[in-house]
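Participant: Next come the chains, spelled out residue by residue.
Protein chains: 2
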Amino acid sequence: MIASAPGKIILFGEHAVVYGKRALVAAVNLRCRVEVKKSQNYLISSPLGKTGLDFKVHPYISFAIRRFHEVKKIEGVEVKVDSDIPIASGLGSSAAVAVATIKALDAEFETSLSDRDIFEMAKQVEIDVQGTSSGIDPFVATYGGAWIFPERKKVDIKQKFFLINLGQKSTAKMVSAVCQLRSKYPEIIDKIFDAIDFLVCEAARCNDLEKLEELISINQSLLRAIGVSTPEIDEKIAKLEREGFKAKITGAGGGGCIYGIVKDRIPEGSLVVEVSYDGAKIEDS
Amino acid sequence: MIASAPGKIILFGEHAVVYGKRALVAAVNLRCRVEVKKSQNYLISSPLGKTGLDFKVHPYISFAIRRFHEVKKIEGVEVKVDSDIPIASGLGSSAAVAVATIKALDAEFETSLSDRDIFEMAKQVEIDVQGTSSGIDPFVATYGGAWIFPERKKVDIKQKFFLINLGQKSTAKMVSAVCQLRSKYPEIIDKIFDAIDFLVCEAARCNDLEKLEELISINQSLLRAIGVSTPEIDEKIAKLEREGFKAKITGAGGGGCIYGIVKDRIPEGSLVVEVSYDGAKIEDS
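Protein sequences, first through last, are from chains A and B.
Counted the way this note's numbering counts, the first sequence spans residues 14 to 298.
Counted the way this note's numbering counts, the second sequence spans residues 14 to 298.
Worth flagging that the hints you see were computed from the coordinates, not collected in a lab.
Be aware that a few hints might be false.
Copies of the same chain look alike in the list, so a pair counts if it fits in one copy or across any two.
Stated by the list, open to error - Listed below are the simulated DSSO-like cross-link pairs for lysine-lysine, each with C-alpha atoms no more than 27 Å apart in a straight line: (1) Lys252 - Lys86; (2) Lys93 - Lys186; (3) Lys166 - Lys197; (4) Lys166 - Lys224; (5) Lys93 - Lys197.
It should be emphasised that the depicted structure is a prediction, and the values quoted were computed from it without experimental measurement.
Kindly produce the complete structure, drawing on both the sequences and the hints.
Facilitator: Listed below in structure tokens is the structure:
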């Protein structure tokens with residue numbers, strides 16, 4: 014059985030959302046596909062290697078299988094992963110692989126899990142691996158579409174986005190750096206989070222591309238203010254601005270991806286994505 | 014008679030101060046010297062040219078002379094200007110020339126103006142030329158030292174700063190651009206101004222250079238958020254960050270000067286300044 018789940022981009026509001034502010038997040042048409050087959054043993058194959066249940070090499074898949082045991086005891090399973098989503102780039106590859114694995118296990122072992130069950134289990138897997146989870150990535154990977162969090166309010170987004178990957182980063186490290194900065198300058202950082210919160214609301218109701226680009230640029234500046242940009246990102250964005258584009262970090266920053274809005278052309282070396290309204294689903298094999 | 018007055022740098026809080034928030038501003042050891050001599054005619058010599066009373070070429074000096082007439086009618090005066098302060102770079106050259114002119118006129122024509130009279134007259138000159146004045150530049154040029162505005166609370170600042178001039182800019186244009194952005198996104202921009210206000214307080218009581226650099230970087234990001242940075246400034250600051258410096262715009266932005274803190278070394282091509290506690294004063298001729 015093959016199941017797939019989408020990656021996501023955080024359009025606006027990353028980091029502030031950790032402190033209860035709003036964020037606008039969309040599933041995109043980059044998917045992770047997971048094939049599972051009943052077996053006497055555990056075998057996981059992915060671009061990261063071939064292993065058995067292995068909580069270091071394949072933590073999300075291994076914990077997904079372990080959590081699935083709470084629903085149905087299984088003796089073994091073969092898992093094959095094939096993903097369009099760059100790893101550790103803020104595009105939700107981990108949540109997508111967890112959700113797709115659970116969805117495929119559910120179909121293969123006929124456990125009739127609801128979307129809500131799949132989302133909750135994938136969130137639990139994130140907690141197993143990361144120690145914490147906002148639930149945003151597994152939610153978007155499960156349901157697809159664009160959403161305002163924490164309300165989980167649906168938003169309709171039509172425009173396409175360009176993505177540029179500037180290399181891997183550690184989300185945990187960036188979240189902890191922001192937490193430290195906030196404990197040093199609580200009033201300053203909380204006002205910046207408030208500004209981001211208003212910005213997310215503005216962006217969610219905005220259909221004007223020029224305005225959206227302005228909001229992208231403001232949000233990028235506010236991310237820089239909380240210390241998650243880098244000279245490399247600043248230089249890349251300055252270069253894009255000279256070429257007539259606006260761009261911002263999507264995700265934790267410190268590396269990872271930047272995105273902007275596709276108008277008549279796209280920057281060299283960028284990837285075009287659009288919002289995907291397909292959540293976790295079974296693929297024809 | 015020769016009088017001089019200092020230029021200034023806005024350390025933190027530019028733009029927000031226009032909306033009633035706090036700013037930290039310091040007079041620096043770059044001075045404008047103005048020599049005046051009684052004469053039957055008006056003759057103004059500066060690097061901008063030789064003119065009579067001329068409200069286009071020498072607006073600040075010409076309006077200063079016109080305002081001085083309210084105190085004492087004079088038939089004419091020769092004015093010579095010699096300034097260390099780069100023009101139209103956010104360093105308060107206009108206020109310094111106005112203040113130094115009034116101070117020199119006061120001494121030459123023995124009108125016994127107080128510092129307060131000189132400040133008020135120079136502020137009036139700014140209004141004559143620009144249509145508006147926060148009064149900050151003429152205040153600092155008159156009294157010297159470092160101050161929090163709008164309270165006019167004295168601050169003691171010991172460290173030196175490096176200055177890099179990235180070319181002339183129009184303060185009026187930048188102030189108007191921020192006003193437009195604020196009318197488009199009032200909640201977002203006001204929260205950013207609130208963040209800047211807290212940042213100014215934090216900076217005013219901070220003696221730790223690392224922390225001050227962090228605040229410089231945050232304030233620069235918030236200036237970028239309100240649209241007064243440029244790709245050129247962003248690139249220059251990114252380059253400085255790679256070299257281990259932090260820097261921000263000082264003044265209106267859109268060009269002008271950036272500054273940072275002098276620690277063990279300074280960036281290539283930068284100018285070192287320190288806070289000057291000398292306000293307007295008579296120079297030995």
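Participant: Can you give me the call for Lys166 and Lys197, within, between, both or neither, at a CA distance of at most 27 Å?
Facilitator: Between copies only: 24 Å across chains, 33 Å inside a chain, cut-off 27 Å.
Participant: Have a look at Lys252 and Lys86 and pick one of within, between, both or neither, based on CA distance no larger than 27 Å.
Facilitator: For Lys252 and Lys86, neither the intra-copy (54 Å) nor the inter-copy (57 Å) Cα distance is at most 27 Å.
Participant: Give the relationship of Lys93 and Lys197 under a CA distance limit of 27 Å: within one copy only, between copies only, both, or neither.
Facilitator: Close neither inside one copy (45 Å) nor across copies (50 Å); limit 27 Å.
Participant: Could you figure out if Lys166 and Lys224 sit no more than 27 Å apart (CA to CA) within one copy, between two copies, both or neither?
Facilitator: Answer is within; shortest intra-copy Cα gap is 21 Å, inter-copy 39 Å.
Participant: For Lys93 and Lys186, with the copy left unspecified, which applies at a CA distance of at most 27 Å: within, between, both, or neither?
Facilitator: neither (30 Å within a copy, 59 Å between copies)
Hint compliance for this structure: hints 1, 2, 5 are not met, and every other hint is.
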